[in-house]
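**Student:** Spelled out from the first residue to the last, the chains are:
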Amino acid sequence: MDLTPRTSPDNAPLAPRKHNHKWKYVAMLVVVVSAGGFIVSQFLTSAIDFYCNVDEIGKREGCEPNRRLRVQGTVEQDSLKSDSGSTTFVLIFNNQTVDVRYNGDPGGIFQECIPVVAHGQLVGDTFEANRIEVKHSNTYSEANPDRLTQSKAEQCSLLAG
Amino acid sequence: MNHAGFIIATYGITFGVIIGLVVYTIKQGRNLSRTVDDKDKPWT
Amino acid sequence: MSSETQSFKGVGTPTTRMYGLMAVVALGWVFLGGLFFTPEDAVQGDAVRIMYVHVPTAWVAYLAFIVTGIASACWLIGKKHSMGFDRVAGASAEVGVLFMAMTLLSGSLWGRITWGTFWVWDPRLTTTAFLFVTYLGYLAVRGLGGTAEQRARRSSVIALLAVLEIPLVHFSVVLWRSLHQRATVLSPDGDIKMDGLMLFTLLFGVFGFTVLFAWLVSHRQRIMAMQDAQQITALDAAVTERLKEVQE
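Protein chains in written order, with my numbering: chain F, 8 to 168; chain H, 58 to 101; chain V, 77 to 324.
Note that these hints are calculated values from the structure, not bench results. Predicted model, so just to flag it, every value in this text is computed and none were measured. We treat Cβ as the ideally placed atom computed from N, Cα and C, and that holds for glycine. Errors might be hidden in some of the hints.
Claimed, not checked - Pairwise CB distance ranges, derived in the manner of DEER restraints: (1) Ser53/F <-> Glu241/V: 15 to 25 Å; (2) Arg318/V <-> Ile55/F: 15 to 25 Å; (3) Val233/V <-> Trp100/H: 38 to 48 Å; (4) Val233/V <-> Ala34/F: 14 to 24 Å.
Said to hold, decoys possible - Calculated Cβ distances over 10 Å to all of chain H for the following chain V residues: (5) Val87; (6) Thr89; (7) Trp105; (8) Arg125; (9) Ile146; (10) Leu152; (11) His157; (12) Thr193; (13) Gly219; (14) Gly222; (15) Gln257; (16) Asp267; (17) Met302; (18) Thr309.
With these hints in hand, go ahead and build the complete structure from the sequences.
**Tutor:** This is how it looks when you write it as structure tokens:
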């Protein structure tokens with residue numbers, strides 16, 4: 008509320024209005040509403056159905072094999088190979104498998120037995136991925152050198168959580 | 058330490074922002090205290 | 077300026093100084109323990125160290141928004157419409173927005189190491205980003221001008237609607253398919269899958285960040301009280317000046 012005196016005692020010109028910070032907040036609101044709209048659109052198009060499981064390819068709505076997919080499964084033990092810049096592995100979920108090829112090194116904590124989400128498209132029987140995201144479980148345990156003596160199956164169950 | 062850059066950046070930003078906010082809050086509180094009557098500061 | 081006293085005292089009290097001391101001790105441990113003394117995780121390696129700040133900042137952001145909601149409800153329901161509730165709501169939202177920003181940032185860095193990407197539009201990240209911009213909007217609405225009561229009324233309604241997003245964010249990893257892992261400490265089955273020193277550091281971090289939150293909100297709502305008092309004093313002075321003009 009501006010209650011600045013309209014004239015100064017000696018009838019000098021009107022006092023300048025104080026800079027109104029309201030417009031700063033109005034601009035902030037506009038940005039916030041736009042950002043909110045963008046996030047909601049991302050939610051509806053992407054987040055609500057983030058991935059298909061391997062066993063749902065071709066069986067569930069939205070998981071048609073002729074479209075771009077995000078497929079989730081576990082990197083099968085002893086299936087990981089790196090050859091001339093590309094990485095191949097088998098993704099398994101509910102005993103259903105799909106071969107995956109990715110150009111490059113997936114990075115992150117990618118390894119065998121870990122759950123991943125592969126982005127790409129089925130070409131023939133192979134899922135050609137151009138992005139791999141690694142899921143990690145909610146289990147946290149101390150890295151232990153003794154674990155080297157554990158069986159591969161035990162290590163696998165730890166990675167899968 | 059693997060990925061030291063990411064980890065140190067996380068700690069640096071988090072603790073840096075916290076220290077900055079705490080210092081700003083203390084300074085702002087002291088500056089305002091000088092100009093506001095004690096009757097408007099029931100905690101004093 | 078009135079002729080009453082303005083003592084050179086900050087906004088601290090013995091209670092807030094105690095909060096401050098507890099926060100310094102706990103956060104000191106989180107910093108040292110999180111970076112140097114806790115073990116590497118079997119799967120994530122050193123990346124797990126980010127968890128000791130990521131989880132507590134997320135917890136404080138949730139807590140802050142819940143406090144904002146409760147204080148707003150108290151303002152709306154209370155017969156006196158005490159402005160103290162509105163100031164607590166505003167101070168808590170400010171702190172919550174800052175901690176939510178830190179959560180998003182630390183989560184993004186953690187995600188780059190473990191998932192292999194800074195950001196994905198998965199349910200947890202998307203709902204968290206939406207929660208963040210909602211409370212940015214809340215703060216913008218608080219700054220839109222008008223009387224303190226108008227500010228309190230419109231912002232309390234928004235706070236009560238916005239707080240409903242928190243369960244959606246927390247349970248997003250259960251309701252939808254998410255890249256983000258499920259809760260470890262607050263897991264529905266009650267089984268905490270975390271080794272000793274890791275869990276201790278995480279819980280001590282949650283405690284430290286919570287007392288820091290209490291310290292920040294106590295101080296910031298007192299600062300807001302002084303700003304409101306300053307505004308009232310300035311308004312009184314302006315009215316007096318205007319009355320003088322009329323009389324002359």
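**Student:** Hint by hint, note whether the structure agrees.
**Tutor:** Each hint tested on the structure:
For the pair Ser53/F and Glu241/V, the supplied restraint of 15 to 25 Å holds, since their beta-carbon distance comes to about 18 Å. Roughly 57 Å separates the CB atoms of Arg318/V and Ile55/F, a value that falls outside the hinted 15 to 25 Å. Range check, Val233/V to Trp100/H: Cβ separation about 29 Å, and the 38 to 48 Å hint is violated. The supplied range of 14 to 24 Å is met by Val233/V and Ala34/F, whose beta-carbon atoms lie about 22 Å from each other.
For Val87/V, the non-interface assignment is contradicted: its Cβ lies about 4 Å from the closest Cβ of chain H, within the 10 Å cut-off. Annotated as non-interface, Thr89/V brings its C-beta within 10 Å of a C-beta of chain H; the closest such distance is 5 Å. Under the 10 Å C-beta cut-off, the non-interface status given to Trp105/V relative to chain H holds; the minimum distance is some 13 Å. Not every CB of chain H lies more than 10 Å from the CB of Arg125/V, the least distance being 5 Å, so the non-interface label is violated.
Separation of Ile146/V from chain H is adequate, the least Cβ-Cβ distance of about 21 Å exceeding the 10 Å criterion. Consistency note on Leu152/V: stated as away from chain H, and its beta-carbon is indeed over 10 Å from all of that chain's, at 23 Å minimum. Residue placement check: His157/V keeps its beta carbon more than 10 Å from all beta carbons of chain H (closest about 18 Å). Here Thr193/V stays apart from chain H, with its beta-carbon at least about 13 Å from theirs, past the 10 Å limit.
Every CB of chain H is more than 10 Å from the CB of Gly219/V (nearest about 16 Å), matching its label as outside the interface. Its beta-carbon lying about 21 Å from the closest one in chain H, Gly222/V satisfies the requirement of being farther than 10 Å from that chain. Distance to chain H confirms Gln257/V as a non-interface residue, since its nearest Cβ pair spans about 17 Å, more than 10 Å. Interface exclusion of Asp267/V from chain H stands, the closest Cβ pair being 28 Å apart, more than 10 Å.
Listed as a non-interface residue, Met302/V fails to keep its Cβ farther than 10 Å from every Cβ of chain H; the least gap is roughly 4 Å. A Cβ of chain H approaches the Cβ of Thr309/V within 10 Å, the least distance being about 8 Å, so the stated non-interface status is violated.
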